[in-house]
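Go by the hints and put chain B onto chain A.
Protein chains in written order, with the numbering used here: chain A, 1 to 446; chain B, 1 to 446.
Everything labelled a hint here was simulated from the structure, so no lab data went into it.
It is possible that some hints are incorrect.
It does not matter which identical chain is meant; a pair holds if it fits inside one copy or across any two.
[As the list claims (entries may be wrong)] As a list, the in silico DSS-like pairs of lysine-lysine whose alpha-carbon atoms are at most 27 Å apart:
no. : residue 1 : residue 2
1   : Lys35     : Lys123
2   : Lys123    : Lys362
3   : Lys35     : Lys362
4   : Lys35     : Lys177
5   : Lys123    : Lys304
6   : Lys177    : Lys88
Protein chains: 2
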Amino acid sequence: MTEEGDFLEGEEGALRVAVAARAAARQLAVVPSEKKSEILRMVADGIDESHAAILEANRADVRAARTTFKENLLAPSAFERLELDEGKIRSMAAGVRAVAALPDPSGRVLSRTLLDDGLVLEKVTCPLGVLLVIFESRPDAVTQIGSLALKSGNAAILKGGRESARSTAALLDVFTKAFASFPEIPAAALSSVADRAGVDALLALDEHIDLVIPRGGYDLVRHVQATTRIPVLGHAEGICHVYVDRAADEAMATAIVLDSKRQYPAACNTMETLLFHREAAERFLVPLLNRLLEAGVEIRACAKTRALAPSLATTPATEEDWRTEYGGLILSVRLVESLDEAVEHVNRHGSHHTEAIVTGDKAAAEAFLGRVDAAGVFHNASTRFADGFRYGFGAEVGISTSRIHARGPVGLDGLVTYKYLLRGSGQIVATYSGEDARPFRHRTLP
Amino acid sequence: MTEEGDFLEGEEGALRVAVAARAAARQLAVVPSEKKSEILRMVADGIDESHAAILEANRADVRAARTTFKENLLAPSAFERLELDEGKIRSMAAGVRAVAALPDPSGRVLSRTLLDDGLVLEKVTCPLGVLLVIFESRPDAVTQIGSLALKSGNAAILKGGRESARSTAALLDVFTKAFASFPEIPAAALSSVADRAGVDALLALDEHIDLVIPRGGYDLVRHVQATTRIPVLGHAEGICHVYVDRAADEAMATAIVLDSKRQYPAACNTMETLLFHREAAERFLVPLLNRLLEAGVEIRACAKTRALAPSLATTPATEEDWRTEYGGLILSVRLVESLDEAVEHVNRHGSHHTEAIVTGDKAAAEAFLGRVDAAGVFHNASTRFADGFRYGFGAEVGISTSRIHARGPVGLDGLVTYKYLLRGSGQIVATYSGEDARPFRHRTLP
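Chain A with its partners taken away, still in its complex shape:
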């Protein structure tokens, strides 16, 4: 599937792709770890060797994006994500080698229980099966997802953005060629669909697809969540808060607030609302907001905040501000009278992504950590730490705000499930039932 013309369209095509992916997943599930690493190293070498072809395909994408999509121009940041160079291609190859070197998340024994003599129950991780990954203009999603899926033993169906179709195809080609050298790896281990209709048809196939990972903006994620019964891993928005408690240190609070807002304003783990305890506000709200204003941050403040800082150039915040992910240098600010009010605000308006408290009061910190309902709750640290690499996962498939399956930054572990293997020697349940029931031993084994 390296040519655009090969992409299948519509419902029939989607079903064919999904059924092939399911069959491929069953084969992949039993490929040994060392073999998967070997293939990934070959893919990495293939990326290095094919850099000219990849660059050429990418240049054609960039040219087309400039001309074909003239009426609907890509944002400069989207161009930046779309455009590849030698350095980016080298780091893609390095990324694939890094995934090859990670431990296999599949086949780990999570627990082992002796139910009775000669009857041992094991809980063992295994691949989820078939992943559907929908991403926007970044071609490096192909190598990231392709390598994470293979490493964890899952088949993946990719749908890239229309504007990166040629780059996606060139990168997929590298995987396809590597797979062709290994008889145990079916070609459908990694496939793709090109058209939107194909994706919508795939989203209906909950019998064949086990997890959807949308990597993109709010509209994409919401669309996926609203149109499928397949579990979705990801987050539609990141409305993160920093709460500056009564007992916060001014220098620490200032550093964390500036980092949480300015370190990368478009990121999902960027602070959108700053909550300030009145006592801390009386000490240093004005200088802190001044630092933000100097840094070019637009401030939308509650009435109490504006009353406390009347001379600053702020605008009034509306209810809408508390539930807005700005994705840029805008910040809403609210003054609260207590930790309770802060927790209440966060649980009501937050998106359960990442929330931070700055305080020198340990009891206040633990109350916040316990009571805030979010994937990540931080004490005296920037919200920007919410990230698979910073958490030490090596690689990340996304950040989940769902409570089910995987939560927060998700590494390879989010791409596996488990099964129970019971090894007996002829045991039947009748022996353990009724009047003379033999008791179970239920002893945890190492």
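Quick look at chain B alone, frame taken from chain A:
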């Protein structure tokens, strides 16, 4: 909410119940383990003390079921599940005490990582939030679910069968009274809705409800799966297989096959299809099928099986038989030429519930365990072992055939998720970025 008249109806009522449950869940999440156990012991005592009122309510349910529902008579097995007696009430109380004594699944530290000096990441289990549990005529579901939900720190909304409404209300009343003695436990920790419209309205509230657990037959589970975007824990059907391999021992295979079919024919982990390798079939297919026929099992066999056992009273199996959960003493039988064919049959027709191989060949067993895609895969043991109590979980909320979140028999662990707690001392991400980036330490802590 102890009187039928108090039950709220329709969309507005559903929203009110769900919002109250969410608020209750936030309070429950921080109730200490010892307190939760204390409340559960009080509930258990309350069940014992209220046995007369519970029995009276139950007798009214049974009478109403015999008269009101005359045109739509309950099956005798449903009457058996509905009807309570002193012994059943005592075991309900004992069940609640057993849950009180289990370890708290919430608040467990799953991992601890030193990201840098003074910056420690913890992954800690926490309650899911709000559960919606829909069950049919068994009143004991109230005490089971009520105790498991409280133990794990979740709020629960119950919807019992119409025929058990009075019994459900009497049992809920015991919980409500116990909760009233503890100011930290909100009344909405355990609530209920009575009407079908209320449930359908609740199923639409995916913002407020985190997990639906339907405990009932195929139609109930399918209806729930088809009408909600909330994750569903459970299984619609159990189409389980026993594969008698070439190298199976006759006595062991016979015992396992009989147990898997006859030990409790209506259970979801009962065998529906028996797969027989030709070589084993030539050795003992006829005597084994004879044992099943003698035990009153109706046999629907493939053409090859019938050719090998022409004198036996079998009927021809159709394609439909391979995907039917009989729920009674019917068995489909298929002769296969290889382990591959058996695995292929199981993966195509099974419901990913529980699958068993009987063989003396270790390599064949491991191939089957690795390649079969199911929540439980067994070697030389009856499929009937798939059960939370037999697995040693102490209590069970259901058996899941989903790959996401929890799979197989699900105990208290299936009612929690996790969150990441990061405790720092003022760290910001800018320190770990760019040219002079400080490296992370990423050291696993005990």
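Cross-check of the supplied hints:
1. Lys35 x Lys123: within (23 Å within a copy, 31 Å between copies)
2. Lys123 x Lys362: between (38 Å within a copy, 19 Å between copies)
3. Lys35 x Lys362: This pair counts as between: shortest inter-copy Cα distance 23 Å, intra-copy 49 Å.
4. Lys35 x Lys177: Result: close within a single copy only, 16 Å intra versus 60 Å inter.
5. Lys123 x Lys304: Answer is neither; intra-copy 55 Å and inter-copy 36 Å both fail.
6. Lys177 x Lys88: within (21 Å within a copy, 64 Å between copies)
Checked against the numbered hints above, the structure breaks only hint 5 and satisfies the rest.
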